[in-house]
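S.K.: Work out the full structure: start from the sequences and follow the hints.
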Amino acid sequence: MARFGMVIDTKKCVGCMDCVVACKTENDVPEAFNRDWIVQDVRGKNPDLHMEIRTERCNHCDNSPCVYCCPTGASHVHDLGGIVLVTHDLCIGCKACLASCPYDARFINPDGYADKCTFCVHRVEKGLDPACVSVCPTHCMYFGDLDDPNSQVSKLLASRKNHSLIPEAGTKPQIFYLV
Amino acid sequence: MNEYTTTRHNELVDPSLHIWGWEIPVYLFIGGLVAGMMIVTGYFIFKGKYKDKACVCRVLPLLGMIILSAGMFALFLDLEHKLYTWRLYLTFKVASPMSWGAWILIVVYPAMIASFLVNVPEYFSNKFPWMDKISEKLQQHKYAVKNIGVVNMLLGGLLGIYTGVLLSALGARPLWNSPMLWLLFLVSGLSAASAFVHMVAKRVDERELLAKADNGFLILELFVIALFFIGMVTSTKVHIDSALVLLSGIYAPAFWVFVLALGIVIPLIIQLLAVDHKIKHTPVAPIMVIVGGLVLRFVIVYAGQYTRWVDAAF
Ligand code: SF4
Ligand code: SF4
Chain A
1 MARFGMVIDT KKCVGCMDCV VACKTENDVP EAFNRDWIVQ DVRGKNPDLH
51 MEIRTERCNH CDNSPCVYCC PTGASHVHDL GGIVLVTHDL CIGCKACLAS
101 CPYDARFINP DGYADKCTFC VHRVEKGLDP ACVSVCPTHC MYFGDLDDPN
151 SQVSKLLASR KNHSLIPEAG TKPQIFYLV
Chain B
1 MNEYTTTRHN ELVDPSLHIW GWEIPVYLFI GGLVAGMMIV TGYFIFKGKY
51 KDKACVCRVL PLLGMIILSA GMFALFLDLE HKLYTWRLYL TFKVASPMSW
101 GAWILIVVYP AMIASFLVNV PEYFSNKFPW MDKISEKLQQ HKYAVKNIGV
151 VNMLLGGLLG IYTGVLLSAL GARPLWNSPM LWLLFLVSGL SAASAFVHMV
201 AKRVDERELL AKADNGFLIL ELFVIALFFI GMVTSTKVHI DSALVLLSGI
251 YAPAFWVFVL ALGIVIPLII QLLAVDHKIK HTPVAPIMVI VGGLVLRFVI
301 VYAGQYTRWV DAAF
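These protein sequence lines map, in sequence, to chains A and B. Heads up, the first sequence stops at 179 in my numbering, and the numbers go up one at a time, no gaps. Heads up, the second sequence stops at 314 in my numbering, and the numbers go up one at a time, no gaps.
These aren't lab readings, by the way, just hints derived from the structure by calculation. Each hint should be verified, as a subset may be incorrect.
Said to hold, decoys possible - Below, computed lysine-lysine pairings styled on DSS-like, alpha-carbon distance capped at 27 Å: (1) A:K172 to B:K93; (2) A:K45 to B:K237; (3) A:K172 to B:K237; (4) A:K161 to B:K237; (5) B:K53 to B:K202.
Claimed, not checked - Derived list of chain A stretches under chain B, where covered just means 3 residues or more per stretch with a C-beta under 8 Å from a C-beta of chain B: (6) 23–35; (7) 66–79; (8) 86–95; (9) 127–140; (10) 152–163.
Treat the numbers as computed from the prediction; the structure is a model and nothing was measured. Quick reminder that beta carbons are idealized off the backbone N, C-alpha and C, glycines included.
M.R.: Below you can see the structure in the form of structure tokens.
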């Protein structure tokens with residue numbers, strides 16, 4: 001079975017927010033909410049500073065607490081490549097999943113259900129890349145099957161140094177950042 | 001230095017999570033209180049005290065059901081997709097404490113109704129003689145009555161424990177990642193229930209007993225709180241920082257003043273003097289304990305949402 005994930009090259013990302021706009025347009029994300037966003041992470045000691053610009057979203061965790069804690073089964077793992085999704089009319093809006101996500105990737109849609117990145121499953125089903133990946137002007141994002149050693153994402157991870165976000169939270173995130 | 005800037009500003013999530021307002025702390029407090037009331041009722045029934053018409057276990061089940069229903073209503077108010085609430089009861093998700101809770105809330109009602117029927121309060125037995133008949137029949141079966149007592153204690157325990165597990169299962173909020181949280185909420189629930197029963201009980205010996213029990217629970221609660229913090233500050237950096245939110249951070253005044261001093265230590269001193277017959281029993285100490293228990297839930301729920309793994313220096 002495929003295991004979809006993303007690889008993002010932080011050396012190329014300039015934080016232009018095209019991915020953010022693409023997601024909002026593609027998925028009709030309500031005003032004032034974001035399914036993906038840009039983070040600037042500056043570390044070090046002056047003058048030896050290091051800045052990483054990242055595009056972030058739901059990590060479609062392999063060990064997803066949001067799915068375990070959901071009392072109705074609204075939060076679930078899709079058969080297609082382990083994508084984590086929410087079935088709107090099963091969701092009661094209890095917000096347990098929002099509290100369980102170490103990345104705060106979820107929000108409550110004004111219609112009342114839990115909302116978040118879907119990896120554009122409707123596009124992936126047709127063999128397309130998620131909207132954010134397809135519009136990135138610097139081509140810093142890659143989407144593919146992490147279980148397939150010959151996929152571009154697997155090859156990038158094998159050849160370049162990378163990290164995921166908050167691995168210590170134990171959720172096994174499926175988005176990796178090349179450094 | 002570590003400077004973290006994000007373009008995300010989702011309502012209820014940024015700059016720090018605040019998905020749960022007053023409804024959840026109130027609900028968790030009521031869950032604990034009613035759990036304690038069920039345990040006290042169960043104990044009195046098990047001990048055969050129900051035979052006394054003045055036993056407080058006669059009125060507790062009804063009060064418990066009313067209070068718990070108010071708590072469930074608060075929980076309902078918190079849901080964002082209210083029309084779909086019934087979806088909770090189409091499934092049982094074994095990994096979800098929220099699902100356990102939904103079902104526990106359903107099974108505690110029959111247990112409370114059973115304990116209500118063991119010795120129906122006068123008002124009802126006068127109005128509905130058939131209820132009295134059920135009581136009479138039930139009381140002929142000693143073992144059945146004892147079992148009702150045991151079941152009430154067990155389900156009460158489960159209800160109290162679940163209110164803590166609900167939070168501690170949410171690993172993304174470091175302050176809640178404590179194996180002591182269920183015990184803290186259970187003991188706090190028992191102490192609030194003892195305080196409550198102390199106020200409503202008519203028999204002096206029952207009031208004395210509950211005041212003594214409450215003193216025990218308050219002392220135990222102090223130990224559990226100490227262990228809670230020892231566990232936190234000997235854990236990872238995020239957990240240490242989370243503990244500091246309560247110990248010296250923005251929730252410290254509420255925690256030290258309302259939870260510890262006014263909610264536990266001072267009422268404990270008052271009640272220790274009262275059971276020693278140095279001063280008279282008044283409702284002051286029990287009210288302080290109950291309010292302290294409520295503030296404890298507010299502090300834990302609010303401060304927990306404030307703590308997170310990302311950029312963990314609060
Ligand atoms: S990032 Fe958050 S919402 Fe997405 S799968 Fe992981 S825990 Fe769930
Ligand atoms: S808010 Fe919805 S998706 Fe999230 S845990 Fe509750 S029912 Fe499940």
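S.K.: Each of the hints needs a verdict: does it hold here or not?
M.R.: Results of checking the hints against the structure:
{"no.": "1", "hint": "A:K172 to B:K93", "in the structure": "22 Å, holds"}
{"no.": "2", "hint": "A:K45 to B:K237", "in the structure": "20 Å, holds"}
{"no.": "3", "hint": "A:K172 to B:K237", "in the structure": "20 Å, holds"}
{"no.": "4", "hint": "A:K161 to B:K237", "in the structure": "25 Å, holds"}
{"no.": "5", "hint": "B:K53 to B:K202", "in the structure": "10 Å, holds"}
{"no.": "6", "hint": "23–35", "in the structure": "holds (count 3)"}
{"no.": "7", "hint": "66–79", "in the structure": "holds (count 7)"}
{"no.": "8", "hint": "86–95", "in the structure": "holds (count 7)"}
{"no.": "9", "hint": "127–140", "in the structure": "violated (count 0)"}
{"no.": "10", "hint": "152–163", "in the structure": "violated (count 0)"}
Consistency note: the structure conflicts with the earlier hints numbered 9, 10.
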